[in-house]
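K.L.:
Spelled out from the first residue to the last, the chains are:
Number of protein chains: 2
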Amino acid sequence: MSNAPKHLKSGSECPPLKEGQLRLYGMRFCPYVHRAKLVLAAKNIPYEEIHINLTEKPEWYLKKNPPGQVPSLEWIDNQPKETRFIPESLIVSDYLDEAYPQTRLQPTDPYLRAQQRVLIERFSSVVGPFYKILRGDPKEGIESINKGLATYEEALQNTYFGGSKPAMVDYMLWPWFERFPLLKDAGFQFNADGNLPKLAEWVQNMENNESVQKVKVPFDILKKFIDGYIQGKPEYDIE
Amino acid sequence: MSNAPKHLKSGSECPPLKEGQLRLYGMRFCPYVHRAKLVLAAKNIPYEEIHINLTEKPEWYLKKNPPGQVPSLEWIDNQPKETRFIPESLIVSDYLDEAYPQTRLQPTDPYLRAQQRVLIERFSSVVGPFYKILRGDPKEGIESINKGLATYEEALQNTYFGGSKPAMVDYMLWPWFERFPLLKDAGFQFNADGNLPKLAEWVQNMENNESVQKVKVPFDILKKFIDGYIQGKPEYDIE
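Protein sequence lines correspond, in order, to chains A and B.
Following the UniProt record's numbering, the numbering of the first sequence begins with 1 at its first residue and continues without gaps.
Following the UniProt record's numbering, the numbering of the second sequence begins with 1 at its first residue and continues without gaps.
Careful, some of the hints might be misleading.
If the Cβ cut is set under 10 Å, some of the chain B residues that face chain A in the computed set are [what the hints assert, rightly or not]:
1) P87
2) D109
3) R113
4) T151
Take a look, some chain A residues computed to stay more than 10 Å from chain B by CB distance [stated by the list, open to error]:
5) P87
6) A192
7) N205
8) I238
To be clear, the hints were calculated from the coordinates, so they are not data collected in a lab.
Note that the Cβ used here is the ideal one computed from N, Cα and C, for glycine as well.
Construct all of the structure, not just a fragment, from the sequences and the given hints.
P.N.:
Structure (structure tokens):
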């Protein structure tokens with residue numbers, strides 16, 4: 001019997017919110033949801049997770065969040081007593097960091113904060129080609145992803161992008177690094193020519209990080225999902 | 001003789017930075033630069049502006065900022081003494097708000113902050129169609145822009161998006177509202193069917209705002225630039 005949570009889809013009903021419990025709407029294999037889960041783990045924030053089938057989205061979810069994306073947060077607030085909702089991975093992550101100030105993941109210095117935010121925003125130079133390669137356009141994609149990664153090798157001036165320990169920026173970039181082995185069949189291997197020594201060490205350190213370990217999806221299950229996703233038949237509830 | 005600042009281009013040299021002076025790299029007609037200038041005006045921050053020709057970008061600017069976009073900020077910091085640089089309109093604007101804490105434009109409450117950030121991020125539902133219409137695809141564009149604007153009519157629950165006075169979110173959205181008259185020839189008129197009464201009142205209030213007035217580019221000059229831009233021949237130094 002599987003312990004994997006079922007992904008709710010069209011025709012389902014929204015499970016009732018419990019007072020005092022933070023809810024994360026997610027999808028088990030989504031890198032953007034992965035970001036929020038890393039922040040929740042790093043800050044030790046308790047939450048329940050509701051999985052959304054992104055191919056046949058529940059009507060009730062589209063009502064809460066018309067673009068239908070995950071992750072999002074929902075909870076019942078006390079002052080005033082009302083339901084609150086926040087979408088978008090970066091906004092969710094920054095909200096969690098501000099609303100739960102233990103173990104701050106963002107620097108308080110405005111310049112450092114801005115610099116790290118630039119690294120997060122410009123990571124599209126890696127994420128864009130990642131999906132190109134995944135969807136079967138490896139030729140242009142591999143050149144672009146290596147170019148994008150080279151700028152991160154240059155930007156890494158410390159053990160972590162955030163300094164001597166992982167910070168928000170590290171967690172926001174990590175989900176795609178964990179997924180690089182998915183691109184192996186398409187011919188991409190991270191640091192294939194050894195030009196990314198600092199990044200390679202960072203990957204090693206991140207892999208050993210407690211929060212990273214805690215929310216990791218076993219690679220063979222992720223691979224099974226992605227194989228279906230590429231063929232246009234994503235299977236959400238797999239073990 | 002013109003008072004309009006010249007836009008520096010390929011082959012130019014970077015004017016030396018002065019200690020103690022904040023520099024904004026901009027382009028006179030760019031809505032993203034407009035965002036930063038609204039924040040600088042609202043917070044009464046002194047700065048010098050260096051204009052960049054975006055068609056023939058100076059080599060020295062591409063070195064500072066490889067994507068070559070404006071706005072960006074630069075200044076000499078004291079501790080330690082080094083040159084600092086921040087790109088990207090939203091990151092520049094948030095940095096200014098945090099580094100110059102007088103007249104805070106962002107709410108301190110994490111939930112309000114997140115909500116207003118969602119409004120800023122999702123404004124692509126208006127900005128995307130704006131450029132579609134401008135570039136001569138009014139049919140699909142007009143339907144999309146009206147759909148996008150309807151969600152902002154619904155979101156506007158107070159005089160301003162930020163509450164009883166203009167906040168970061170208001171300034172981040174404003175530049176495109178000021179540019180709507182540019183779409184007149186393409187058949188788009190803001191609030192043509194009267195379905196956006198709250199937004200229309202917000203536009204009125206924003207037009208009377210001191211910071212908005214201060215950084216406004218006269219419409220006929222903006223129009224002249226845009227006419228050239230649409231034809232692929234933007235003329236930066238016009239009066």
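K.L.:
So, for every hint listed, does it hold in this structure?
P.N.:
Here is what the structure says about each hint:
Against a cut-off of 10 Å between C-beta atoms, the interface hint on B/P87 holds, since the closest Cβ of chain A lies about 6 Å away. For the restraint placing B/D109 at the interface with chain A, the shortest Cβ-Cβ distance is roughly 9 Å, inside the 10 Å limit, so the hint holds. Taken as an interface hint, B/R113 checks out: its beta carbon lies about 7 Å from the nearest beta carbon of chain A, inside 10 Å. Restraint check, B/T151 versus chain A: the minimum CB separation of about 8 Å is within 10 Å; hint holds.
A Cβ of chain B approaches the Cβ of A/P87 within 10 Å, the least distance being about 6 Å, so the stated non-interface status is violated. No beta-carbon of chain B is positioned within 10 Å of the beta-carbon of A/A192; the least distance is around 24 Å. Non-interface status of A/N205 relative to chain B is upheld: no Cβ of that chain comes within 10 Å, the nearest being about 26 Å off. With a least beta-carbon separation of about 32 Å from chain B, A/I238 lies farther than 10 Å from that chain, consistent with its non-interface assignment.
Figure legend: structure checked against the earlier numbered hints; the only hint not met is number 5.
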